[in-house]
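Engineer: Assemble the dimeric complex from its two separately framed chains, guided by the hints.
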Amino acid sequence: MSSTITENPPLLEVRDLTVEFATRAGPVQAVRQVSLSIRKGETVGIVGESGSGKSVTSYAVMRILDRAGKIATGSIGFFGIDLPGLPEREMRDLRGREISMIFQNPRAALNPIRAVGRQIEDVLIRHAQATRATARARAIEMLTQVRIARPEERYHAYPFELSGGMCQRIVIALALACRPQLLIADEPTTGLDVTTQKTVMELVTELTRARGMSTLLITHDLGLAAAYCDRVVVMERGRVVEDALAKDIFRAPQHPYTRRLLRATPRPGARLPDLLPEGEAPPLDAPQSAPGLVLLDVIGLVKEFPRAAEGGIGAWLRRGPALPPARAVDGISFQIRRGESVGLVGESGCGKSTTSMMVMRLIDRTSGSIQFDGQELGEIAPRAFTRSPLRRRIQMVFQDPTDSLNPRYTAERAIADPILRMGDLRGAGLEARCRELARLVGLPEALLGRFPHQLSGGQKARVGIARAIALNPELVVLDEPTAALDVSVQAVVLNLLQELKVRLGMSYLFVSHDLHVVKLLCDRVIVMRQGRIVEQGPTEQVLNHPTADYTRELLAAAPSPP
Amino acid sequence: MSATQAPSAFTASLRHARHVVTGNAVTAGAFALFFLLLLCAAFGPLIAPYDPLASNTMIALQPPSWAHPFGTDQLGRDILSRVVVATRLDMTVAIASVALVFALGGLAGVAAGFFGGWTDRVVGRIADTIMAFPLFVLAMGIVAALGNTVTNIVIATAIVNFPLYARLARAEASIRREAGFVLAARLTGNSELRILLTQILPNILPIMAVQVSLTMGYAILNAAGLSFIGLGVRPPTPEWGIMVAEGASFIVSGEWWVALFPGLALMLAVFCFNLLGDGLRDIVDPQRRS
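Protein sequence lines correspond, in order, to chains Y and E. Quick note on numbering: this note's numbering labels position 219 of the first sequence as 219, and the sequence is numbered without any gaps. If you want this note's numbering, it's the 1-based position in the second sequence plus 1000.
So here's chain E without its partners, still in its complex pose (with noise of 0.2 angstroms):
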């Protein structure tokens, strides 16, 4: 406040972001697990040691080991390397489907709240619709009705996901609707639906992103979810959903690590995204930053 030049709008929001990442350990710790992810997920068959699709029958089912930290599955494939290469596979699924989701939900949402009536009751009864189903089974069936492919795996997590996104856009846009600066916006002649997208979105970003940020470690479960069960990805490709359903039958055997570790590294993911969320609220939170 005292100095007497504001300094940049980017270079204010870099050094706040490394406030809120140096100020707390939880979200340092949380943004580093969210590099790591990335870096697997964009570089992930470069980094990986072994091919994730060479089988090896002579080396099957090997307890980890310096050649194979994470062991070898049934088929002698290495399983670091499938956790590994997975990555990509599952953050495009989650990113896909929330992108899809904060798109559609929260434009919906936005809608419903800041012009109310029959709009709000279209959305509002849409969500109510979604709501009434048991999320995972009616994933399922959205999955199994579109046919058994990845795209479906994305809409089917983005509609179950729609009811979150729609009311929470909804209560956050109808508290600002006669609010002073939205009033203020009318008489300076802004249209409805620039006041809608120039006053209202801009300023529940903040919230919204904490919404992405839980969202997107449910998007992962689901979508693993639905593989587990058989829907969506099909072996032999490398997901963690299949990578665990492939392990569960060992672990009564003995052979525990062909579950554990894709099952770890989607507990981690999951962990790492809700932890995410309340760094991404700081950041984003014009009021916090002083």
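Chain Y with its partners taken away, still in its complex shape (with noise of 0.2 angstroms):
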């Protein structure tokens, strides 16, 4: 196939693209010189970490750049066109025909009050692909090309009656309606789970291999380009470093940057330290302690939410038997042992953030007991937790590291905040201690005074940590530490969570959707699915043989370099 690929004329061709923004301080240059082509029927991957001037690349071969943005030198020549120079109207013309794009969050890309049968045809009356009269049975077409079932009633549905996948379908059925030449996909299965990508994407390469199309995958996995990719472009810091095939890239990568990203992303086989560039792991490997007694232990929790729109007036006119309440939780037991990592695992909406809350004492729980070295929290109202001598003992790492710091807080503040509320050092013997747990978490001392936004992702990362870690608990939560980081950062984060947890000897308790990263840094392994648990065991055991077939569903569909 890539024999006849090479023969044909690049359909667009990027030539020394430089694309600026006008900041306070100045210009600066997101997209440095980059070049690149894709010829027609090729699936081209454009991989790198945020900041590296992906997405702005492909905004600027849509001319969707934001209004500080501008294409300063290069060209961009589509089908021969010259793209920069074109005017807007029929540029127009050519978005969403010739050129379509899906973007990351498919919900926010569609019109939440408008049936999403109509927006199909919205876009093909709007390219004179259809008339009023065919419009319908053409976007009943589209939505049972793109495997949406009963596609006569979901025609009617809105967005919000539809879960994320199938909305990210309905995006690609309005991106593919107008048979156009060229998809650009950014990030189009982040925030989706890992069997949910793998059937969109599948969707999106067996489409656009039918109708001959050509494909730019824009994302920051590259297991996932190595997986759906001819070819793969890697970017870093605005410009190209490297562009070869992709089965290439991961046999002999050329560039320095591309091995160190193809070392962080965490791979069948690879041990913790193996993700930091090489010479940068960490001294002690580990003296593997044996789990010592109990710390924690779940017995049958369960976590009942009431239906929405029950209850109040409505509830009480009807007065029809009302439903059951939603089980989020139902009735899960686990064990966590001191100086073990237990990892959570399962795709969203299965419970596993809902039981983290329960053993914070963020909300209560409906039945069930959670003990923690011999007592009961599930007794302690949440509020009441608050003054609990045990609340020091539990601390949690948010999921969202910008989310989870006081926008108006210091670096500094923010860590100090347990131990002016519940420690009872002050003055100097704080300051002290803040600078303590700076270096313990790699936070350079400078950066104590600045607030969150001075901090990149990174270091809000390290401050989050810090901050659970400054009144030495027994037990830490960690929600989804590193899912909203790079992959080069999660590797330092994750080796950072291993290393404080043989120094100082906690526990943990990993949620995660991902199982390869909940592997690196656990003991155990819990699988759950739909508020039950599915597997739980040893996670050498879990991973390579497990009894379960959804464990193995959940391992099959996450994409990984060959």
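No wet-lab data here; the hints were simulated from the structure. All of these numbers come straight from a predicted model, not from anything done at the bench. Some hints could be false.
To give an idea of the interface, some chain E residues facing chain Y are shown, with a C-beta separation under 8 angstroms as derived from the structure [claimed, not checked]: (1) A1048; (2) Y1050; (3) Q1062; (4) S1174; (5) R1177; (6) G1180; (7) L1183; (8) L1187; (9) G1189; (10) S1191; (11) P1202.
Just so it is clear, CB atoms sit at the ideal spot from N, CA and C, and this is done for glycine as well.
Structural biologist: Listed below in structure tokens is the structure:
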């Protein structure tokens, strides 16, 4: 197939593209001298971490840069048409009909108050691909093609009635409705579950291949690019550092940045220190002490949420039998021993976060027991738990490092908060402790005076970790602590967490959707689905010899470099 | 970001304030006007060329001249002096009423948004009740019922503004109720009240600041309006509202300056505060500081 591809003239040819953004500190180049080409029928991936300019490149192609950004130099040729020189009116005709785009958040890309079928019709009519009379049939045909079950019925559905995966399929239907030549997919599956990611990506590949279309896939995930692209372009800080066939880039990466990115990507067979750049592996190779006594014992834990729209005057007027409440967590039992890390894995809505919130006493349980070091936590109401002496022994690291820091607190103030509330250090002692914590988590002391918006994602994650360990807790709940971070930062943070665990003798409950990440840090894994535990056991056993079908499905769905 | 040592918070805010003021001509103009108003309010009696209360019927109703740039009124008082001296009273009423409603409405709204439940219902119904009346008529009624004093004008103006503050603060607080940093604060042992005061409140101050500036203009108008219809401040005290009221009857006979200049002062003050809102938001919002 690749031999026919190379004979084709390029469909999209970007040459020496530089994109500048006007900022307060003068113009900043987000994309520098980028050249890339896509041939007809080819799937090209642009891979890079945040700030690499991969999205900006695609926005420049679509000419949808925001007002501060402009194409400074370079050319973008599409079918020989010079896109930067095209009048806006002609560009509008091109968008959607010849080049279309799918975005990261499918729900935000759809009009929330218009039925999805209608939205597909709108695109078809806008680009004169159908008339009012034929649009409906074409829209339903598109829904069938993206494998929406019962398309006639779903034609009338609104975006909020559909799941995230289904919304993304609708967006794909919208993008492909006018049979464009080029599809730009900007992080199309970020935020979707791995099993959904797999079906969405397979759908895109199959549809574009059947139509002989070209695809530009923009992603931070090398594994995803490897699995679905013919060629991969690696970008770093606005520049293209490597451009090679997908199979070559994994076998023999040329550029040091590509090698670093490859190393940092969690993959089967890799251990935690393997993720760090060579020569930076941590000195201590985790002397695995045998887990101690049971620290946390969860028995038959249940959380029910009342169904929405029930209660109040509406329910009283109808006086029908009340719907049974929804069970988010349906009677789960597990144990965590001292010095052990346990992974809690599942897809969105499986109840893993609800479980961690109950253990943290942020929400109350419906029934069941949570015993911490022999004491029943479930009996203490979440509001009263603030004053409990147990509070300081259980802490948490949150998913989003930005959202979990008060924007008006400096890093030092954020780290000092638990000590001020529950510890007894003040003044110089407190300051010294904050500096010690900063050293522990690898945060330069000079950054302690900064506000969250002046810190990078990785630095914010370190502040969050420092805050959680400030009072030497025995159990730390890690709620997807690296989900919002780049892979290279994730590698560093995971290693840091492992080092801290060994050094401080803490236990972890690691909540995540990614089995490959969990396996790096955890001794045991619990797999949850629909509020129940489908499998639990030692990490090696669960990953290598899964007994539950669902675990096998999860493992198979995760894309990994060949 | 590239500096190795982050500058101290104070110099950073100062530099940011300078950037905001110099970067936007409209904001700079509004700030200049604001300082002029403050100057008049603080040193009004010293700046004024004549005694604002000294009447001299010999020179009654004179048009603007070099001796009396804004002309004189029906009792021969210098209008410029009266406009300048009136600034203090009008500003005091505005600032006092806004400070009062900021504290009460803001706190009630934040508590309603954060705690929800009964707090929310009580605050919500109070706000609804106030909103059910035509606001100016309500203010008139309050002043008439409580007594015709400046203090009661302040209270009435604060009460009619209560729903604006309470609803804004409620909306902003309820957005942040489940934010990550609030959950984190709960885990680090902060009581609910402390979370409300140290985590939620400081983060909605930027939005409240804009509201302060906007209602400040409204408060001045409200106070002047009450004086205009004869409530609150009484003659011969110099006050923009009364002066416009007194001048109104002379417009027909051609003595336009008696009402025009105090009206102009009123308009400029309201205009200034409305423009100031945008500038203020830029200064206090840390997201915009980079």
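Engineer: Next step is simple, just say for each hint if it's right about the structure.
Structural biologist: Hint check:
Interface hint at A1048(E): violated, since its Cβ lies 43 angstroms from the closest Cβ of chain Y, which is beyond the 8 angstroms cut-off. Hint status for Y1050(E) relative to chain Y: violated, with the closest Cβ pair at about 48 angstroms, above 8 angstroms. At a threshold of 8 angstroms, the smallest CB-CB gap from Q1062(E) to chain Y is about 53 angstroms, leaving the interface hint violated. The closest approach between the C-beta of S1174(E) and any C-beta of chain Y is roughly 16 angstroms, which is over the 8 angstroms cut-off, so the hint fails.
Because the smallest distance between the Cβ of R1177(E) and any Cβ of chain Y comes to about 12 angstroms, over 8 angstroms, the interface hint for this residue is violated. For G1180(E), the shortest C-beta to C-beta distance to chain Y is roughly 3 angstroms, which falls under 8 angstroms, so the interface hint holds. Below 8 angstroms, beta-carbon pairs count as interface contacts, and L1183(E) has one with chain Y at about 6 angstroms; its hint therefore holds. Hint status for L1187(E) relative to chain Y: holds, with the closest Cβ pair at about 5 angstroms, below 8 angstroms.
At about 4 angstroms, the closest approach between the beta carbon of G1189(E) and any beta carbon in chain Y falls short of 8 angstroms, and the interface hint on this residue holds. Against a cut-off of 8 angstroms between C-beta atoms, the interface hint on S1191(E) holds, since the closest Cβ of chain Y lies about 6 angstroms away. Checking P1202(E) against chain Y by beta carbon gives a least distance of about 5 angstroms; that is within 8 angstroms, so the hint holds.
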